[in-house]
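J.: Once you have looked at the hints, place chain X on chain A.
Just so you know, the sequences run in chain order A and X. The opening position of the first sequence corresponds to residue 1 in the working numbering, with each subsequent residue numbered one higher. The opening position of the second sequence corresponds to residue 1 in the working numbering, with each subsequent residue numbered one higher.
Treat the hints with care, since some could be wrong.
Because identical chains cannot be distinguished in the list, a pair is counted as satisfied if it fits within a single copy or across any two copies.
Said to hold, decoys possible - 20 Å max Cα-Cα, derived DMTMM-like pairs, lysine to aspartate or glutamate:
#1 LYS53 <-> ASP40
#2 LYS30 <-> GLU212
#3 LYS217 <-> ASP17
Quick caveat, the hints were computed from the structure, so don't treat them as lab data.
The residues making up each chain are set out below.
Number of protein chains: 2
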Amino acid sequence: MSCCSVAFAGSELDRADHIRSDPERLEVLKSPQASLLLLDGLAPKLDGSNGLKWGRLKDAPEGAELVFLGMRLGFGCFAAVPAEGSTDPAYSPQETMRRTWAAIGLMSAEDLAIYGGARSLVDWHARHTFCAKCGSPTVLAKGGWQRSCTNEACKAEHFPRVDPVTIMLVEHEGRLLLGRQPRFPPRRFSALAGFVEPGESVEEAVAREVLEEAGVKVRDVSYIASQPWPFPSQLMLGCHAFAESAGLLIDTTELEEAHWFTRDEIAAAMAGDETQRLLTPPPVAIAHHLLKWWLDQ
Amino acid sequence: MSCCSVAFAGSELDRADHIRSDPERLEVLKSPQASLLLLDGLAPKLDGSNGLKWGRLKDAPEGAELVFLGMRLGFGCFAAVPAEGSTDPAYSPQETMRRTWAAIGLMSAEDLAIYGGARSLVDWHARHTFCAKCGSPTVLAKGGWQRSCTNEACKAEHFPRVDPVTIMLVEHEGRLLLGRQPRFPPRRFSALAGFVEPGESVEEAVAREVLEEAGVKVRDVSYIASQPWPFPSQLMLGCHAFAESAGLLIDTTELEEAHWFTRDEIAAAMAGDETQRLLTPPPVAIAHHLLKWWLDQ
Numbered sequence: 001m002s003c004c005s006v007a008f009a010g011s012e013l014d015r016a017d018h019i020r021s022d023p024e025r026l027e028v029l030k031s032p033q034a035s036l037l038l039l040d041g042l043a044p045k046l047d048g049s050n051g052l053k054w055g056r057l058k059d060a061p062e063g064a065e066l067v068f069l070g071m072r073l074g075f076g077c078f079a080a081v082p083a084e085g086s087t088d089p090a091y092s093p094q095e096t097m098r099r100t101w102a103a104i105g106l107m108s109a110e111d112l113a114i115y116g117g118a119r120s121l122v123d124w125h126a127r128h129t130f131c132a133k134c135g136s137p138t139v140l141a142k143g144g145w146q147r148s149c150t151n152e153a154c155k156a157e158h159f160p161r162v163d164p165v166t167i168m169l170v171e172h173e174g175r176l177l178l179g180r181q182p183r184f185p186p187r188r189f190s191a192l193a194g195f196v197e198p199g200e201s202v203e204e205a206v207a208r209e210v211l212e213e214a215g216v217k218v219r220d221v222s223y224i225a226s227q228p229w230p231f232p233s234q235l236m237l238g239c240h241a242f243a244e245s246a247g248l249l250i251d252t253t254e255l256e257e258a259h260w261f262t263r264d265e266i267a268a269a270m271a272g273d274e275t276q277r278l279l280t281p282p283p284v285a286i287a288h289h290l291l292k293w294w295l296d297q
Numbered sequence: 001m002s003c004c005s006v007a008f009a010g011s012e013l014d015r016a017d018h019i020r021s022d023p024e025r026l027e028v029l030k031s032p033q034a035s036l037l038l039l040d041g042l043a044p045k046l047d048g049s050n051g052l053k054w055g056r057l058k059d060a061p062e063g064a065e066l067v068f069l070g071m072r073l074g075f076g077c078f079a080a081v082p083a084e085g086s087t088d089p090a091y092s093p094q095e096t097m098r099r100t101w102a103a104i105g106l107m108s109a110e111d112l113a114i115y116g117g118a119r120s121l122v123d124w125h126a127r128h129t130f131c132a133k134c135g136s137p138t139v140l141a142k143g144g145w146q147r148s149c150t151n152e153a154c155k156a157e158h159f160p161r162v163d164p165v166t167i168m169l170v171e172h173e174g175r176l177l178l179g180r181q182p183r184f185p186p187r188r189f190s191a192l193a194g195f196v197e198p199g200e201s202v203e204e205a206v207a208r209e210v211l212e213e214a215g216v217k218v219r220d221v222s223y224i225a226s227q228p229w230p231f232p233s234q235l236m237l238g239c240h241a242f243a244e245s246a247g248l249l250i251d252t253t254e255l256e257e258a259h260w261f262t263r264d265e266i267a268a269a270m271a272g273d274e275t276q277r278l279l280t281p282p283p284v285a286i287a288h289h290l291l292k293w294w295l296d297q
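Isolated chain A (complex conformation) (with noise of 0.2 Å):
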């Protein structure tokens, strides 16, 4: 399966991580000529064609930490770290949230990845103005891939975190488990997953989610594809896997429920047949190519 064929994944902006080091090029970058990514908090504003928004860097807030996403056609492009605690309804989580969706629905491909990444950096750095290590003010550094401590005894360096999970299609005889989560819309059921912890690997992270979700032990893991998810930064890392049998014992903290499917019930909800018993994830979703993979072999 191509990288870029899931939706958050294939930038064209150049990271030129080279220039993050360089502060002399780093200011030279921040010209009137650099490109803003323009936000509405870490919402996506969009132009007249649904296009991501872009000004000049002096319409960035007054003070506003900068964040350097690349360059694109020989320009800097950055982003504005937003201020956190807005009280204004329209900033809600669920306002920012449904706003967001909406204009993911109307974005192409290539904006959907420059806003995921910009969306997971910035929104790390507004959650994270302080030291872990010691609790002192940070600051941006390194064109904002680091934050660094101000405490000249602790002098921390922290990093933007990207947090891998597995994403798993369970087959057994030829049906598919696929689960659906209590926040999800009526009907519509998608594969497992679950956070990768310390100390285990992509395939033993498959198997202890399955199990733990859905008393099922599986065999023979295998990676299928990733995709970057900036909700707020995970690696999803789609894989499958066989169930030794068909039996469940579903944790209904995690799963409202949970069901094996077959084939044919899959290709058609995935055809958009809404007579089916299950709705399928959305395109923009890894999950939809992995269903998509899993009815092509």
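T.: Below, chain X alone, put in the same frame as chain A:
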């Protein structure tokens, strides 16, 4: 490749994650029979037969935070978060690493996995005693799988980090690209590697790192195997890719040297032939397993 053939994977502890959210069961598990993994700072302590040394909970330093590692033989297994900042030279980072690597060479695969997972966790706690969002003190929660901010107005929840890292065999006309970092022992070469950043897939991270470090464009990135790496808490994602061409442009801030090596050179070095121009990575490293996989192809 089996997930458990790599070092630091294959722990036999049952993580029993449902217990983490159950304060009453956790308290009951903290019985006099509960096991405490004994550590020497962050280094492992070994018994007479080079097994991990286990004590009882009562052996934990007074007031130490306790991490619930999981269940074994019906008993809870814990580790104590070490105090930061000993000035004893025996606990300098260099001396601790020296002792750690000496012990790693002696330990069984099962013990390595338990030690690695425990080390990542307790080290994360020791370095995250303050809230990155507001600067207030944090306390251990959920048996050590979370830290919670003590500031009632913040209450942010923080989770142990796992940082995904790509490590890749790059192939061109039957030869492999291997490089050496300045910190490597003399003549040691290994696979190129780098952290996955926000906004990119595994496959994109592989392509970016190889281009940045060696100036080589790659195609057809495929995933081979993964490994947890506890220094301090990486998830190594082992991949293979084909180079478009053989010309190299080495980033000397990252690599001291990089060359294309033939199958015969690598096979001889892996077999222990010390007359070759390279020494290959030790079995504890996933790079060793990737090379073995490639030679077996």
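J.: Compare the structure with each hint and give your call.
T.: Cross-check of the supplied hints:
no. : hint             : verdict
1   : LYS53 <-> ASP40  : within (10 Å within a copy, 54 Å between copies)
2   : LYS30 <-> GLU212 : neither (50 Å within a copy, 23 Å between copies)
3   : LYS217 <-> ASP17 : between (42 Å within a copy, 16 Å between copies)
In summary, the structure is inconsistent with hint 2 from the numbered list given earlier, while agreeing with all the others.
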